[in-house]
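For the record, the sequence lines run as chains A and B.
At the far end of the first sequence sits residue 328, using the working numbering, and the numbering has no gaps.
At the far end of the second sequence sits residue 328, using the working numbering, and the numbering has no gaps.
Cut-off 27 Å, straight-line C-alpha distance, at most; resulting in silico cross-link-like pairs (DSS-like, lysine-lysine):
hint : chain 1 : residue 1 : chain 2 : residue 2
1    : B       : LYS42     : A       : LYS327
2    : B       : LYS289    : B       : LYS226
3    : A       : LYS250    : B       : LYS327
4    : A       : LYS42     : B       : LYS327
5    : B       : LYS69     : B       : LYS226
6    : A       : LYS42     : A       : LYS250
7    : B       : LYS324    : A       : LYS250
8    : A       : LYS324    : B       : LYS250
9    : B       : LYS250    : A       : LYS327
None of these hints come from the bench; they were simulated from the model.
There are 2 protein chains.
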Amino acid sequence: MKVGSLNRGGRDGTLIVVSSDLTRAVRVTDVQTLQEALDHWKDVSSVLRSLYRQLNQGLANDSFPLNLKELASPLPRAYQWADGSAYLNHVELVRKARGAELPDNLRTDPLIYQGGSDGFLGPFDPIPVASEDWGIDFEAEVAVITDDVPMGVTVGEASEHIKFVMLVNDVSLRNLIPNELAKGFGFFQGKPASAFSPVAVSPEELGTAWDGRKLNLSLSTWFNGKLFGNPDAGVDMAFDFPSLIAHAAKTRSLAAGSIIGSGTVSNRDRSRGCSCIAERRMIEIIEQKTPSTPFMRFGDRVHIEMLDPEGRSIFGAIDQQVIKYEKL
Amino acid sequence: MKVGSLNRGGRDGTLIVVSSDLTRAVRVTDVQTLQEALDHWKDVSSVLRSLYRQLNQGLANDSFPLNLKELASPLPRAYQWADGSAYLNHVELVRKARGAELPDNLRTDPLIYQGGSDGFLGPFDPIPVASEDWGIDFEAEVAVITDDVPMGVTVGEASEHIKFVMLVNDVSLRNLIPNELAKGFGFFQGKPASAFSPVAVSPEELGTAWDGRKLNLSLSTWFNGKLFGNPDAGVDMAFDFPSLIAHAAKTRSLAAGSIIGSGTVSNRDRSRGCSCIAERRMIEIIEQKTPSTPFMRFGDRVHIEMLDPEGRSIFGAIDQQVIKYEKL
Chain A
1 MKVGSLNRGG
11 RDGTLIVVSS
21 DLTRAVRVTD
31 VQTLQEALDH
41 WKDVSSVLRS
51 LYRQLNQGLA
61 NDSFPLNLKE
71 LASPLPRAYQ
81 WADGSAYLNH
91 VELVRKARGA
101 ELPDNLRTDP
111 LIYQGGSDGF
121 LGPFDPIPVA
131 SEDWGIDFEA
141 EVAVITDDVP
151 MGVTVGEASE
161 HIKFVMLVND
171 VSLRNLIPNE
181 LAKGFGFFQG
191 KPASAFSPVA
201 VSPEELGTAW
211 DGRKLNLSLS
221 TWFNGKLFGN
231 PDAGVDMAFD
241 FPSLIAHAAK
251 TRSLAAGSII
261 GSGTVSNRDR
271 SRGCSCIAER
281 RMIEIIEQKT
291 PSTPFMRFGD
301 RVHIEMLDPE
311 GRSIFGAIDQ
321 QVIKYEKL
Chain B
1 MKVGSLNRGG
11 RDGTLIVVSS
21 DLTRAVRVTD
31 VQTLQEALDH
41 WKDVSSVLRS
51 LYRQLNQGLA
61 NDSFPLNLKE
71 LASPLPRAYQ
81 WADGSAYLNH
91 VELVRKARGA
101 ELPDNLRTDP
111 LIYQGGSDGF
121 LGPFDPIPVA
131 SEDWGIDFEA
141 EVAVITDDVP
151 MGVTVGEASE
161 HIKFVMLVND
171 VSLRNLIPNE
181 LAKGFGFFQG
191 KPASAFSPVA
201 VSPEELGTAW
211 DGRKLNLSLS
221 TWFNGKLFGN
231 PDAGVDMAFD
241 FPSLIAHAAK
251 TRSLAAGSII
261 GSGTVSNRDR
271 SRGCSCIAER
281 RMIEIIEQKT
291 PSTPFMRFGD
301 RVHIEMLDPE
311 GRSIFGAIDQ
321 QVIKYEKL
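Next comes chain A alone, as it looks inside the complex:
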């Protein structure tokens, strides 16, 4: 099934079920928001599934043509956003770029950071930043939404807690990060609000592309209209989603509506390009001694999308332009 949140009706938007081809939608009468649906997943999921079936068959009452631009992030705000860094090629390149050490246990102990979740940008919202000097970057990722995950969940059990998959633009302010990480408490100012794809998709809807652990499709990123990268999200992912969830739930439970991210998708095959500017800059330094791709400037645009093997958009696109933030 596919769901989204209209960007009206309150801070959590209005839950809709979206047709497989993303052209039509129908409101859900039983619950108002996606968070509410996840809070009562056992009671609500069959209602959503049934609506989805009817919508795709053209049988849903009160369905309407969908304009994806009217959608917020599927969870416009969330109680938990924990972002992994599961593609080690990205970790290695970006840490080299900022002169940071690689952790000894890089291959056995997942990297994951606690992200801010109190307000996400919508998939078409501008990215407001006060200064170009902060090193504005995008990061194209895959993320999952869980139901209630008990503390101590095993990797084997974690897969069944994944209720939806979606895309993320995890905006990063590269020039604020080194000082922040040097303090030892992780990211804060370096990670402003992220944006998610307009539509969240249940695992079974992804068919064979979803193997219960990762999403085996290419994730495409365009920067100012030019393809910047299209790495395969199923390749070089050292820690799959169940591993990331089990890591996050080692000492505490995760509440329904928790979002767990993959980290920047990155393949060792350099012909696949990059999902963030920092990585490309590091490759330029390695190959040409100096970076030639600048970070984002006001007016620059990033477009993130994933197509199915038939070329159809699965989640809708994230399409965002950086603008100068002016305080009112």
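We have chain A already, so just place chain B on it with the hints.
This is chain B only, laid out in the frame that chain A set:
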């Protein structure tokens, strides 16, 4: 005014207004939860204030005797929990204890970490931990709840966004933290669910003890029935709450219901004791070369409370026992 959340009625509990002496309460008919009140603060705050006045005068309809043990944390889950580390005496001692460097800009750049907020323990809930080997510790802190804070808020503007003050037990797993911080992404497994005082109190209700920037009263921590520390929360706080809020909001807005913590309250005056075990152990190492106070074991109990100058509990107590977590 004072508010709390009955631990029933849903995941966010049921908002109540609590009498000044914490003995009586009344439900709020206009909104169901504290988050909802904060989401609509401009419309709701006067209703709450008026109810609070009536309750204290014995004029509130349907008021009832309050058992504090029926309360969850004021926000049983939140969209944002950002915890500072504003008492540098704590930072210096704890970093010494784990052999970590002190940041160069310790005195000019606030330390703050993004905490997990998807589920808080109630003030009387047991603290479930799977292993005593993880180095179970409490941290007694003060925290504030904000309304909507715009990105780029100044220190001068930030104070007016503080709507409530409360106490926190920021549970820490000391033996998991060094490896976690070495990876560079901050805390995750080392910070399981925190608990907050049963009651949140508006700044004006705190009278002269609240100076718009910090809370000038002693915070008492008892460990297994013995006073462990009672430092003054208004002393040695290098970064006040408006400074922490401005730091947190430098690159993004903070949504209504954001919780900002002070970090472990700690005075340089050693006669005031400690608000966490790690600090006391470091002092023992400095004074006696080896620590003699063990971290918490299953069955150990911590009690955190703040009294007004007349000896009355302001927020109610946090009183928690560590238990062994057994996965179902």
